[in-house]
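Residue numbers (the working numbering), protein chains in the order written: chain A, 299 to 584; chain B, 49 to 372; chain C, 64 to 396.
Hints were generated in silico from the structure; no laboratory data involved. Incorrect hints may appear among the rest.
[As the list claims (entries may be wrong)] If you anchor each label on the Cβ, the simulated ranges turn out as follows:
id: 1; chain 1: B; residue 1: K254; chain 2: C; residue 2: G87; range: 32 to 38 Å
id: 2; chain 1: C; residue 1: A199; chain 2: A; residue 2: R485; range: 24 to 30 Å
id: 3; chain 1: C; residue 1: Y215; chain 2: A; residue 2: I385; range: 50 to 56 Å
id: 4; chain 1: C; residue 1: T95; chain 2: B; residue 2: M157; range: 42 to 48 Å
id: 5; chain 1: A; residue 1: V321; chain 2: B; residue 2: R301; range: 35 to 41 Å
id: 6; chain 1: A; residue 1: V321; chain 2: B; residue 2: N125; range: 50 to 56 Å
id: 7; chain 1: B; residue 1: M199; chain 2: C; residue 2: T95; range: 46 to 52 Å
id: 8; chain 1: A; residue 1: F566; chain 2: C; residue 2: E148; range: 40 to 46 Å
A virtual CB, placed ideally from N, CA and C, is assigned to each residue, including glycine.
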Amino acid sequence: MLKHRIRSILKYAIHNPKLVTGVCLLLGLVLIGAVGPWFVDSEKARPISVPTNKQPSAQYPLGTDSGGRDVLSVMVVATPQTLRMGIMAGLVGVLIGTSLGLISAYYGGLADTLISGVTDTMLTIPPLAVLLVVAASFRALNIEMMALIIASLSWMNSTRALRAQVLSLKELPYIHMSRLSGLSDIRIIAEEILPNILPLAAAHFVGAVSGAILAGIGLEVLGLGPQDTPTLGMTIYWAMLYSALIRGMWWWWMPPILVLIVLFIGLFLISTALDEFANPRLRKAQ
Amino acid sequence: MTPRPVLQVENMRVCYRKQGRALAAVDGVSFELYEGERLGIIGESGSGKSTLAWALMRLHKPPTTTEAEGVVLNGVNLLALNDEQMRQTRWSQISLIPQGAMNSLNPVMKIRHQMADAIKSHESGWSSNRITDHIGSLLGRVGLPASVADMYPHELSGGMKQRVCIALGIVLEPKVIIADEPTSALDVVVQRVVIQTMNEVQQQLKSAMIIIGHDMGLMAQCVDRLAVMYAGRIVEIAPVRSFFRDPQHPYSRLLISSLPSPEEKRELKGIPGMQPSLLDLPSGCAFHPRCPLAYEHCTRTTPDLHKVDEQRAAACHLAKEYTA
Amino acid sequence: MNHNLLDVHNVTMHFGGNSRNRGGVVALENFTLSIPSDEAKIITIAGESGSGKTTLARLILGIIQPTGGEILYRGKILPQMSHEERQEYRREVQAIFQDPFAVYNPFYPIDRLLAVPLRSFGLAHNRAEARRLIEAALEQVGLRPNEVLGRYPHQLSGGQRQRIVVARSLLLKPRLIIADEPVSMIDASLRANILENLKQLRDKFGISLLYITHDLATAHQISDELYVLYQGRVAEHGDSTAVIKTPKHPYTQLLVSSIPRPDPDHPWVGRVEIPLNETTVIKDRTGCLFKERCAHALPACHLQPPQFVVATGQSVACHLNAESEAPTGRSKR
């Protein structure tokens with residue numbers, strides 16, 4: 299049965315051009331990070347490892363920056379770092395959001411009041427302001443910490459959306475039927491409700507990854523990101539710091555921006571395709 | 049004086065595509081509807097009756113195709129009209145009260161505005177007084193007080209909403225009214241009131257009516273002639289009295305005998321088997337796997353709808369042939 | 064076993080309103096019913112929307128709690144049951160709902176509906192046994208296992224889906240089944256099979272059934288006892304054949320006469336109208352609730368009629384029957 303379901307999902311997926319394009323774009327980026335180190339020396343991404351400010355050439359295909367880094371190596375190392383941060387933050391955020399939304403909608407009562415209260419309160423807190431303050435106070439910020447901080451300020455949207463969906467699902471006759479069949483609450487949540495909210499959770503996950511990467515870039519560009527690990531945002535920060543734009547060093551600031559554009563287009567296409575999948579009315583008539 | 053047919057349907061076929069194949073949901077249906085007549089079309093879910101209703105209104109969109117040798121309404125071939133002409137014909141000459149209409153009323157508009165919309169989209173230049181008067185008289189025709197016009201759909205009961213939908217269907221006094229499952233999901237007394245309303249409306253307007261449903265009892269109460277559909281074809285058509293007294297097609301007989309009667313308690317006999325899927329139609333007569341009288345000829349040749357007498361026709365090899 | 068299987072004792076269900084029970088809606092009022100444990104019966108609760116019949120189903124299934132009166136299963140009040148008693152109650156009282164599609168989780172094939180209760184209640188020791196039990200139950204309701212097992216709900220017809228629900232009831236061997244409009248969403252020609260299946264539950268398996276419907280024709284076919292509800296009160300009660308053949312309450316007479324007979328020579332007689340204020344549940348509950356619609360209303364109808372006994376086992380809440388004895392203990396309000 300599970301095989302049949304996976305097969306039908308894949309069949310739908312393959313015919314959806316948005317999904318295919320989006321996934322290909324993202325896979326491309328993942329490949330850069332996975333396969334890149336075989337062809338490129340990642341040590342050269344460290345500062346003071348190569349001569350500075352060199353234009354792109356056969357030896358340095360993307361030139362070098364003012365810190366003495368090989369820009370191509372930087373791209374190969376930075377892309378997966380940024381992706382990792384986004385996926386971690388997205389995953390943690392949606393996991394928290396789904397769990398809280400489920401508990402609050404299914405059990406109602408005091409749990410719902412508490413969780414909704416906390417959610418609604420936290421929604422009023424401007425995330426960027428908090429991020430700035432937290433980032434500025436922690437000197438040694440690494441990828442994991444950034445992911446956690448961002449997740450802790452973005453789980454609320456998922457909570458609200460999933461709570462709404464579970465509220466409408468739990469009154470359906472098949473839930474009553476399961477209860478009459480003797481299923482415990484936990485099993486009803488896990489086996490009856492969860493499969494039906496997965497499409498929405500997946501759509502939120504993709505959105506959360508985009509949002510997290512954007513927030514991360516925002517912090518890094520202000521210089522508040524990890525100082526010793528190369529990321530796309532930090533590359534832009536260093537480029538700005540060293541006036542790469544004015545100095546015409548396009549090989550320094552263009553690659554990270556291009557990678558980011560490809561990343562966001564890919565995520566957007568996947569999220570639209572997931573939206574269509576979750577909402578059958580948007581699926582094109584065949 | 050023989051009444052003239054107000055609608056003549058000749059060999060209609062409605063095909064839709066599924067899994068790369070063209071399936072005929074309506075397959076070679078021909079019939080005539082006379083002025084002032086009430087024709088019932090009965091069949092199980094999936095027999096093609098709603099598809100037929102939509103096809104008569106030319107509501108199917110590609111890739112579903114609607115073809116026929118003729119769909120002639122008062123001398124006009126509906127299939128030959130262009131989109132704009134058909135749009136004007138809909139509602140003014142032929143109207144449809146679709147299945148579940150009462151659940152499709154706009155919940156945020158008052159009844160008055162929904163009815164005015166229907167009027168204005170076909171008749172420009174009516175003054176608002178004229179529209180208000182017309183709405184009041186329409187509601188009166190369906191047995192509702194004029195105050196209903198200022199209510200919202202959620203303030204009305206199921207039966208009242210359905211009567212509003214009937215009023216919407218007769219807004220321009222069409223010659224043919226098609227009602228698709230007008231009483232499903234309604235309680236037994238409300239059902240009676242709705243059918244009563246439809247009968248009254250039809251008599252006042254002298255329109256012809258096509259009523260589509262699956263309940264034999266209701267059909268017996270409100271139609272003059274009855275057609276039975278199975279797997280996209282009409283398998284029997286007869287005046288309602290002779291239909292119930294002497295059904296010609298085995299499917300009709302089984303349908304009648306499967307009804308519970310409030311008079312006597314007897315064992316209820318259902319119809320064995322299931323409706324065939326259009327992807328996998330049986331050879332010859334589509335009903336033969338479930339037919340208690342099927343014989344070898346039935347598996348090879350599909351029976352045509354042939355006349356059994358002056359007024360009745362059946363599509364069964366065992367039904368007698370009419371010799372004039 | 065000296066307890067009845069089910070005792071519904073003067074149950075009232077009041078929705079909304081404030082703590083002093085003013086305002087809001089009375090869905091069910093002082094309803095009493097019992098089902099014995101030594102004899103399987105099919106009892107029909109008949110009424111239209113707003114009669115309180117679905118509320119009664121939800122009360123008996125424990126989905127909501129009554130605001131007045133009590134419901135006892137095997138002599139124990141629902142909220143006071145121990146965990147074991149609750150488990151037993153959950154297994155012995157099953158439901159068949161109106162919508163044969165909504166009871167299935169569209170994510171899973173229909174097998175799940177049959178397999179889950181077997182597992183939860185420990186009725187099968189291993190997969191092979193479970194499979195055997197499921198196949199036997201499907202065959203009991205006239206379905207071929209290889210045609211329905213492994214399919215998703217949207218791949219089957221309404222009649223098949225509902226029969227699978229009946230098969231599920233057979234698997235669990237309950238004592239009582241609450242069937243809420245089990246055939247009203249199914250084509251008229253397919254109802255016969257399911258109704259026969261329900262009758263079999265009583266005849267072959269000794270399961271009692273509470274059959275809730277607005278269609279008296281089907282009620283007549285299968286039930287022993289009939290309650291006619293109007294706006295939360297019992298209008299008439301008795302042996303089903305007697306009530307349907309000789310209805311004494313004007314409302315029952317209206318229901319019976321509105322059944323569409325499949326005979327063009329027996330049309331409905333007379334014109335029927337439903338007053339506009341039927342759309343809202345009657346707020347003023349003094350006197351007989353049917354008096355506005357009743358052709359035979361008497362001045363006495365301003366007082367709520369008690370249940371007059373008109374024949375053995377048949378009682379009517381209508382002043383027109385005042386010559387008959389009124390059972391003692393009922394107060395006139």
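Against the structure, the hints:
{"no.": "1", "hint": "B:K254 to C:G87: 32 to 38 Å", "in the structure": "violated, 48 Å"}
{"no.": "2", "hint": "C:A199 to A:R485: 24 to 30 Å", "in the structure": "holds, 26 Å"}
{"no.": "3", "hint": "C:Y215 to A:I385: 50 to 56 Å", "in the structure": "violated, 33 Å"}
{"no.": "4", "hint": "C:T95 to B:M157: 42 to 48 Å", "in the structure": "holds, 45 Å"}
{"no.": "5", "hint": "A:V321 to B:R301: 35 to 41 Å", "in the structure": "violated, 58 Å"}
{"no.": "6", "hint": "A:V321 to B:N125: 50 to 56 Å", "in the structure": "holds, 51 Å"}
{"no.": "7", "hint": "B:M199 to C:T95: 46 to 52 Å", "in the structure": "violated, 38 Å"}
{"no.": "8", "hint": "A:F566 to C:E148: 40 to 46 Å", "in the structure": "violated, 56 Å"}
Consistency note: the structure conflicts with the earlier hints numbered 1, 3, 5, 7, 8.
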